[in-house]
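Chemist: So you can see what is in the structure, the chains are spelled out below.
2 protein chains.
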Amino acid sequence: MSALHQEKQNGARIAIVGGGLAGSLLALALAQKGHAVDVYERRPDPRRQELAAGRSINLGLSKRGMQGLAMVGLLETVLQKAVVMSGRVIHAPDGATRYQPYGKNSNEVLHSIDRNELNLLLLEKALEHPNLRLFFEHKLERVDKARQTLYFEHAGKQVVVQPLWVVGADGAFSTMRRELQYGERADFHQEYLEWGYKELTLAAKPDGTSVIEKTALHVWPRSHCLFVSHPNRDSSHTLTLFLPHEGKDSFATVQTREDVAQLVQKYFPDLAPMLPNLQEQWMQHPTGALLTIRSAPWRYGDWAVLVGDACHAVYPFFGQGMNSAFEDCCTLMQTLQEHGFAAAPAFAAYEEKRRRHTDALCELSKRNFIELRQTVQSPWFLLRKKVDLLLNRIMPSSWLPLYTMIAHTTMPYADAWDKAKRQDRLLNATAIGLGGIGLWLTLYLTLGAR
Amino acid sequence: MSALHQEKQNGARIAIVGGGLAGSLLALALAQKGHAVDVYERRPDPRRQELAAGRSINLGLSKRGMQGLAMVGLLETVLQKAVVMSGRVIHAPDGATRYQPYGKNSNEVLHSIDRNELNLLLLEKALEHPNLRLFFEHKLERVDKARQTLYFEHAGKQVVVQPLWVVGADGAFSTMRRELQYGERADFHQEYLEWGYKELTLAAKPDGTSVIEKTALHVWPRSHCLFVSHPNRDSSHTLTLFLPHEGKDSFATVQTREDVAQLVQKYFPDLAPMLPNLQEQWMQHPTGALLTIRSAPWRYGDWAVLVGDACHAVYPFFGQGMNSAFEDCCTLMQTLQEHGFAAAPAFAAYEEKRRRHTDALCELSKRNFIELRQTVQSPWFLLRKKVDLLLNRIMPSSWLPLYTMIAHTTMPYADAWDKAKRQDRLLNATAIGLGGIGLWLTLYLTLGAR
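From first to last, the protein sequence lines stand for chains A and B. Each step along the first sequence adds one to the number in the working numbering, with nothing skipped, and position 329 is 325. Each step along the second sequence adds one to the number in the working numbering, with nothing skipped, and position 245 is 241.
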């Protein structure tokens, strides 16, 4: 197998390391353009796996991700499996709720989709394509850049692959990135958030309806912790609790079933009665960590390039992890086509075009954590949101709230941020101006009346 | 050997991975306090090595480093091998020179010392100590944190060590750091400078005297490149050229002997005639890269801790690499003693006390690169330097220039930086105030005279 495999590979096929969301999307896009592609995935074939019961991880599909799915002709299929989220419902500590629409019309919505279901769909579509082969349980062990060779471990044996070129789509702990950057002057920034997360399921009612508004993302913002929920098609919701790893009321201190109940009762009294099996879920579900990564370079000559989490992992607070990874794939396909599929200039153009925008997204995602936790509760924030949306309605083509630009357009991230900063300065100057006029009027009326 | 070695180790001895400057200093300090210490060094025994001819790497020993050497009673011995540098000589493009003293008296000087000679001295002193053993050609392969076990490769065999606890002093590419942080929520920031370096020797005159002022550090600052020289005892100087890796007039473009001569002639016409064998040296000496690293955590429970470059590599532009590493050793010895050599609280106190200061040093070292390149040439910078030193002479205990605090005191780095920022604000406010008075006087005299 190993020798034959190697022979078939030599120089003829593109290899993609990682059959996750970005890897399988890119594989499909390349295959559809007539390229022979092999995907190597570390995990077993998901079609043979039993899905972990009672858990699903949801993602919010927005414009950039939709563009990626449209590129391979799967947007409609995916949207049929998704639940529309037309806005955020903010749950205050006293149980009061407020609704914030995501945009000004039915196009400016998010779609909640099950991560595993989406991945499976992409892999199945990939398998149907004659140009594409999938190799599961292939773990990348090392890379010989000079000899342009990949060494995988499969079923206890070494598999040697010499692809035409290779894409690293193997996630935040990417082996491809490590090997590509080994011995190079590589920049690398990795930071963990002091908060972790745990996923819980909010079951549907016995009659099959949702216990909370279904077509929305729900947020229970507290300064010390945070619940976010995404809807599922079966009217259940996937709740994610964000909580500090250490310190008072943290994952470290909440140990017993009693601790769990107390924590939720203390911060989320309105949510507690909706979660009868909270403690069982807490004990069964793992605690996750949140990681952000910026790095450079993303490529090695004409032979290797990175996409998605492998080159830029972000915190989930802007809902752009998958969306930005899919946008990477679109940008890479675009630069490849612009350069007639000449790898070296296409990879260089891709990194040049893309990296500063995903670096900006890293920063924006950190900042949105603070927004989600704290400012969504403040009247000033809510007013600003309303003014932002109002200005957007009045000047739909020139005034765009930051969230709108990130979620509902494909304006490059750094450009969106720059525009938002300019708009902010204008809003602040206007506020100061109006305040000045107000002050002048007050003084005039008070002193002039004497 | 392996089994015996393991048996002797079990739980009884402290292991230090890396026998460089920090590792050998710390080993000596621990041995002198009565601890049994084993040092594992990847390289061969330097006493059996022929020193690379014609090259030496010099370091500027300043107060913090001297404190480290004093801790193990070696300061006097080292100073005898060093050359005093009482200030900087700045060489302008037209060949003009300016002298800037490092401080206000003969205590505020740096000492130029040969890195290899210093390392050899520390290792020899370590070998003389009965509590201390040195194992060369032992390369750390992996670490089992749960079993508190180190696996080295030595002469093709595996050596298994189970120390009481272990110090990672294995440099910027530390295997200990990688293993200590593996699977943890570790922050890691690595950046390469776009400039590299090459070392050249400026030979002494035939009569054994220096071709440039011996007891000074020399700088040839240009905005595009930079030469720095450290004196050697034999009156030669070690020159370091800092130059961009890529682009016009870079290490990438300077390839032929002709290119080398042209580059030096173009930017350093005064230096060119002093370097008759420039081209041979250029071709023989490697091009180095400059790296900065910040990271956390520095420790693992009661079993492992990092010092020096392994936890904070800095650019060399503040001359604090070795000095900060030696200061780490002093801080660690101090917290160990404060906690009765209880490892867990001592390691925690060490990281808590130290990390924010070396993080500040990382940033300061980046900024000093800009100072060395550009501002040392500007009259405003020179004036500020003079005012700074003047204020220091007038108020020696309360006004301290940043360079003085970093090089000639042991004030923690971040505190020094904070103080410098306060002083800067004061200087700027004074300048604005004086400017205001000047403007007022001008207006008064001009308008008043009418």
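A few of these clues could be false.
As the list makes no split between identical chains, a pair holds if one copy fits it or if it spans any two.
[Claimed, not checked] Each computed SDA-like pair below joins lysine to any residue, with the alpha-carbon atoms no more than 25 Å apart:
(1) Lys349 to His185
(2) Lys262 to Leu274
(3) Lys141 to Tyr188
(4) Lys153 to His281
(5) Lys244 to Ser206
(6) Lys135 to Gln280
(7) Lys382 to Leu160
(8) Lys381 to Val74
(9) Lys210 to Trp299
The set of hints was computed from the structure by calculation and includes no laboratory data. Owing to the predicted nature of the structure, the values given are computational and were not obtained by experimental measurement.
Chemist: If a hint holds in the structure, say so; if it doesn't, say that too.
Modeler: A quick look at each hint next to the structure:
1. With identical chains, the CA atoms of Lys349 and His185 are at most 25 Å apart both within one copy (20 Å) and between copies (23 Å).
2. In this homomeric assembly, Lys262 and Leu274 come within 25 Å of each other (Cα to Cα) only inside a single copy, at 14 Å, whereas the closest approach across copies is 73 Å.
3. For a Cα distance limit of 25 Å, the shortest separation of Lys141 from Tyr188 across copies, 21 Å, qualifies, whereas the shortest one inside one copy, 30 Å, does not.
4. Taking CA atoms no more than 25 Å apart as the test, Lys153 paired with His281 passes in neither setting, with 33 Å inside one copy and 43 Å between copies.
5. In this homomeric assembly, Lys244 and Ser206 never come within 25 Å of each other (Cα to Cα): the closest approach is 33 Å inside a single copy and 64 Å across copies.
6. In this assembly of identical chains, Lys135 and Gln280 lie within 25 Å of each other by CA distance neither inside one copy nor across copies; the values are 28 Å within and 41 Å between.
7. Taking the closest pair of Cα atoms, Lys382 and Leu160 never come within 25 Å of each other, the shortest separation being 52 Å inside a single copy and 62 Å across copies.
8. Taking CA atoms no more than 25 Å apart as the test, Lys381 paired with Val74 passes in neither setting, with 30 Å inside one copy and 66 Å between copies.
9. For a Cα distance limit of 25 Å, the shortest separation of Lys210 from Trp299 qualifies neither inside one copy, at 46 Å, nor across copies, at 51 Å.
The earlier numbered hints that this structure contradicts are 4, 5, 6, 7, 8, 9.
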